[in-house]
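Student: Going down the list, the protein sequences come from chains A and B. Per the working numbering, residue 1 is the first one in the first sequence, and the count goes up by one each step. Per the working numbering, residue 1 is the first one in the second sequence, and the count goes up by one each step.
Certain hints may be false.
[To be verified] Rough simulated footprint, nothing fancy, chain B against chain A, three-plus residues with beta-carbon under 8 angstroms:
(1) 278 to 288
(2) 309 to 321
(3) 331 to 339
If you are wondering where the hints come from, they were derived from the structure by calculation, not from laboratory data. Nothing here was measured: the structure is a model prediction, and the numbers come from that model. From the three backbone atoms N, C-alpha and C, an ideal C-beta is built for every residue, glycine too.
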Amino acid sequence: MIDFELTPQEQATIAAAHQEAEELLRPISRYYDEHEHESPEELINTLWERSLAGGDTGGMLGLGIGAVLRIEETCWGDAGLMLCNPGSGLGGAAVLSTGTREQMGRILARFNEGKPKWGAMAMTEPGCGSDTSAITTTAVRDGDEWILNGEKIFITMGKRAIVDSDGIVVVWATVDKSAGRAGIKSFVVEAGTPGMRLEKLEKKLGIRASDTATIVFDNCRIPFDNILGSPEVRKVEEGQTPGFKGAMATFDATRPIIAAMALGVGRAALDFIRETFAEEGLPVRYGLPRHELTAVERDIMDMEANYKAAKMLMLRAVWLMSQFKPNSLEASMAKAKAGLAVTKIAQKAVELMGPLGYSRKYLLEKWMRDAKINDIFEGTGQINMLVVARRILDYSREQLK
Amino acid sequence: MISFSPSEEQQMMVNMVRQFTTAEVRKIYRECDEDGQIPGHIIDTAWEMGFINSYLPQEHGGLGEEHSAITGSLLAEELAWGDLSMAMHILCPALVASPILETGTDEQKNRYLPMFCQDKYQPATAALIEPLFNFDPGSLKTTARPDGSDYVLNGEKCYVPLAAEADILLVYASLDGSSQGFIIEKGTPGLETGEREKNMGIKALATYELTLKDCRVPEDSLLGGRVNSGFDRIMNYSRVALSAMAVGVARAAFEYSRDYAKERHAFGEPIASRQAIAFMLAEMAIEIDATRLMTWEAAWKLDKKEDATKEAYLTKRYADDMVLMVTDRAVQILGGHGYVREHPVELWLRNGRGFATFDGMATI
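Okay, chain A solo, but in the shape it has when bound (with noise of 0.2 angstroms):
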């Protein structure tokens, strides 16, 4: 039955966190966007002890409606600061994806105790992005162990992973570079591994509270165990390559999640047009023919429109996953109108607002240099046009590139 209203629980779930982006984060918000590179230690012990309280420290893995709404009010808070919210993140939607029950239990009970910590995802490196196949970080086996070499490169909240805290990064490497896509295999580094250290943090357009790092792995051993999913390199047909499957599994659950985000700031960006100009008296007129729309009341409700259909095309896609059916083209849809259309809404809010949008006096301007992240993380929105175009077309990658 065709529905769309939220549960209770959902709704509390909902208020609370945008209560929580009221007072914990727009407050401060200013503050570390101008200070990147510092840490928002008060905010990071807060939300970490309502997170133990409340048992949910998990990763970025099989959100259901209510915590991909409450990602998105977060977001609508501060995306920054969102992202520095402690607990298992991309590393632990990893684990969860493809690792064993023996590794679930090893790797992640960290994310539930103790101190604040982060489980961080490496696989960009400085020659590779989107085209994962090109990875040349290696790992060599050598009796019991793993030896990592290479470096990575835009690891979101690599520095709080490995320095920071005693957190987790999961690392792409290949084991047969001559297997190609096979031959990608996903590793557990924990903080504190010989031969991993952090090279870099990133200075950035947005999302500044946020650390982007660079993580050189030099001769860095690590346990045979610490493997997410099987050793064996299979070279099988394309497409099911057990390690990229994994992979593009962690996409399926993570790229509504950044729908989401985006959705946050997007109406971040809306919200503050909708308050300046219902103090100006400036009403948005639905129901009126077009010839009477102002240019601005039709900006206004394309943008409108827009959120809402990117919104819409996320809950599809989260809704699917809650029920455990495949999702990966309305994943990547949502994906890819969410990061371009709040883009967009972003930058014409910006434009709206003359010079209220474009002074540093209000956080409009952040929302547009924090919004294009979401155009380009979790695989660009090029990249996840690409994905829904073979999906429609029913091709390969080899019938389209």
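Starting from the known structure of chain A, arrange chain B on it as the hints suggest.
Tutor: Here is chain B on its own, set in the frame of chain A:
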């Protein structure tokens, strides 16, 4: 609890309509567009499927199912996927039945609803649009003036589907500045049906101009029996119906151009293997899905009896743009072949362009 899954019953109805459109509508729609008419047997077959009488109360002879805008949207999309002209023709009687059901008086329901529960198609229509570039449904130029126990209507209407054959017309006019419906029976003096209109698209659907010259109707013709705010709800039903139909037309164009792009080879491979084409198709698919889901949400709001104006209005605007974008791209993907009438995409572009004009011309 959020769900995107139609009920089993809804899915069965969708499948039934899909079978009908595939087996019958799609066989003749091009011919209908060229000839400007729809064979009666198609309309009769569709009537037997019970699109309208299913949601009319049993006391009036209907099946007494819920008047669900969500179900209506699902069916409207499927019908429009088959052909927009036929979808609008088939659902045309709803332009009278649905507003009477939603906002009519008991007397109006008793009198008119049984007509829509007969075995034969009951021609009925609504007249809302006026021949002005700045037509505004909320501020109609057609007027209704109280005169004794009657109302006297004056004005001009256009895009009135099936006006020539309709036994009942719901004519919208401004009464003291607010838009109100008047139920007018065929043959009422002062109600003049003009020439059949020649339009860019929906050519198989007969639409007419209508003139009201001191057209005198009794007091109880006023829909709802008193000046009321039911007009917004009627408009929202129409917006949802048309958004669903836009999704149907767009889906037809998308599917055709997708299949063509996989068949058509250029430079040694299917043109769909090029990102320039593949990305167009991907965007079409995304926007079609997004519009469908927005339509469902607006319909859901209507079904909850809440004010759905914002949702329905934004969705309709979005759907207007979406269907034009999708049908235009379908033509573009076929290139020169898209421009010739051997392929259907030019028909869908012509039909698609109309949605921005069609407000009030269809409902569920």
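Student: What hints, given by number in increasing order, does this structure fail?
Tutor: none
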